[in-house]
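**Student:** Protein chains in written order, with my numbering: chain A, 587 to 901; chain B, 587 to 901.
No wet-lab data here; the hints were simulated from the structure.
Be aware that one or more of the hints could be misleading.
Pairs involving identical chains hold if they fit within one copy or between any two copies, as the list cannot separate such chains.
Claimed, not checked - Dumping the calculated BS3-like pairs for lysine-lysine here, alpha-carbon to alpha-carbon at most 27 Å:
| # | residue 1 | residue 2 |
| --- | --- | --- |
| 1 | Lys889 | Lys836 |
| 2 | Lys703 | Lys633 |
| 3 | Lys646 | Lys836 |
| 4 | Lys792 | Lys779 |
| 5 | Lys792 | Lys816 |
| 6 | Lys703 | Lys816 |
Protein chains: 2
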Amino acid sequence: MKQITLSEVASLLSQHDDFKILTHSYPDGDCLGCGYALAFALRKLGKRANVAVDGKLPSKFTYLVKNYEEQDFTPAYIVSVDVAAPALLGESVMEGVDHIDLCIDHHGTNSLDADCKYVDDTAAAAAEIIWEILELLHVEIDEDIAAGIYTGVSTDTGCFLYTNTTPQTHRIAAQVMPYCNWQEINNINFVIKTRAKLRMERLVYKTMEFHAAGQCAIIYTTLAMCEALKSGDDEMEGLANIPRRIEGVKIGITMREKPGGVFKISVRTNDGINAAEFCRQFGGGGHPAASGCSIEGDLGTVKKILVDAAEAYLQ
Amino acid sequence: MKQITLSEVASLLSQHDDFKILTHSYPDGDCLGCGYALAFALRKLGKRANVAVDGKLPSKFTYLVKNYEEQDFTPAYIVSVDVAAPALLGESVMEGVDHIDLCIDHHGTNSLDADCKYVDDTAAAAAEIIWEILELLHVEIDEDIAAGIYTGVSTDTGCFLYTNTTPQTHRIAAQVMPYCNWQEINNINFVIKTRAKLRMERLVYKTMEFHAAGQCAIIYTTLAMCEALKSGDDEMEGLANIPRRIEGVKIGITMREKPGGVFKISVRTNDGINAAEFCRQFGGGGHPAASGCSIEGDLGTVKKILVDAAEAYLQ
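Same shape as in the complex, but just chain A:
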């Protein structure tokens, strides 16, 4: 594995063709925005490029693919975007892939195995890196590329809210906004709530518990709750940010029951508490203020494990 520079990334992309771009499982706005922006850009340079997405593209992101059609070719160069760890590469994404040529990411904890690697953890979103690459490649921006980049930088920063935002994030937004319907993108990602989501939030607020003298807040969803409200992943989005927003909370934990007796845990932290370190105890990881892991067990057991861990961690 070789750590390379941004201009080396640009060179590799210009030298190769027939790209397969890998995104991570539970695909979010940043990996999808990166994937499609890069694919559209490579196509503009006369190359072939497809984006591999684990499972179905979340319906809210269909605006990213309105001009996208899968191309028919055998992949010759494999690029991952925004994928921090091998476990985040879904089976369907890895079909026919035996190695990764180039890994582009912004997670400081990146543990992917790739021939060449460019990781910049000062970038708020991987889309910032993609944008800088496209500038080096002199790609002419269009609506599809702009929508991908704007989606990446805005979703990974909670619409320029989170502390990972930088002046560069804003400068990139200013550059791409004129080319895409960012108002609609904001509406989809940050504003409009379905009534189903509203119902889910109201239910989730009722599960909120405070521990460690109010420094830890924990909420959960169960399969039964989802069934009662006929809710799916769409209604779950953003829930993870609820607990850490309460005054005094340093560790905000969201537990989501998944089929098979496992809970998917999202941890969000304030005041310099390291969420990635907290999650590593349970085999997870991520960013310093936003990480995740999975824990097997029933609701009470998993909650107790987390609350105990949070209380110990906060001491």
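Chain B: place on chain A using the hints.
**Tutor:** Leaving out everything else, chain B in the frame of chain A:
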């Protein structure tokens, strides 16, 4: 009254001294951010300047005045910032003021009487205009000025979310961020919720009604609710954005009972519905997507007036 250019505004400010800067009642982040940024800047230019605020400075904005002390002088030049209408000038603010020399604003509906006026309704926040003036005046940016400008541009755009945001808003944010603790400013204005606010929101969600086939959502707070939760204005903030965020809602109305049998109404709209026009029927006004008015009456009467008006307006 004379409409003047931005460079004429800058000239007037350099030519005069002993400024009183007027902000609007129910002061928000934009008028306060403008007021203090301008005052600090004028002081840097060797002038005297005070900011007049109606009532007490909301406690969340105390970070704007940590280096501010009232200066002792007789005002010689009166400047209003972000004040759209005469009715928005509180009595205490107007003490000793018999006319306004210069009005700087970004409300297209501006109806203030002033000797000179600069209104740019393409600016997302009045703070954008102030920033452009400070650039013309070659004021060296510092933390106080940056905090004011960042507060103005971020709060008036809901942290770069609302459709009034422009590339210029982002460019200004990128320029001022390095000089101020914008993370803390975001935390204060957009992230942290007190438990009291959480309780208020949960109560308010219970009041939500849908009308006009789901195109109008209306919520309310009453004095009794505030008393039961011991809530004040701090807990009210942001409530106005709740109804219009629900899928399908075109007119979102928030009613807040005030002492004296009057409701303060906030109207937020989607899909090009004109909130200012809607509010003008009741003697109010504001921005196309965010306006307000006051209506006297009891809860049921005022709600019926608003729902009837919304249903008529949506037809």
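**Student:** A separate judgement is required for each hint: does it hold in the structure or not?
**Tutor:** Status of the hints after comparison with the structure:
1. In this assembly of identical chains, Lys889 and Lys836 lie within 27 Å of each other by CA distance solely inside one copy; the values are 17 Å within and 40 Å between copies.
2. Proximity of Lys703 and Lys633 under a CA criterion of 27 Å is satisfied intra-copy only: 21 Å inside one chain copy versus 55 Å between copies.
3. When the C-alpha separation of Lys646 and Lys836 is checked against a cutoff of 27 Å, the pair qualifies only between copies, where the shortest distance is 20 Å, while the shortest distance within a copy is 31 Å.
4. Taking identical chains as interchangeable, the C-alpha atoms of Lys792 and Lys779 lie at most 27 Å apart whether they share a chain (19 Å) or sit on different chains (16 Å).
5. Proximity of Lys792 and Lys816 under a CA criterion of 27 Å is satisfied in both settings, with 18 Å inside one chain copy and 21 Å between copies.
6. For a Cα distance limit of 27 Å, the shortest separation of Lys703 from Lys816 qualifies neither inside one copy, at 42 Å, nor across copies, at 55 Å.
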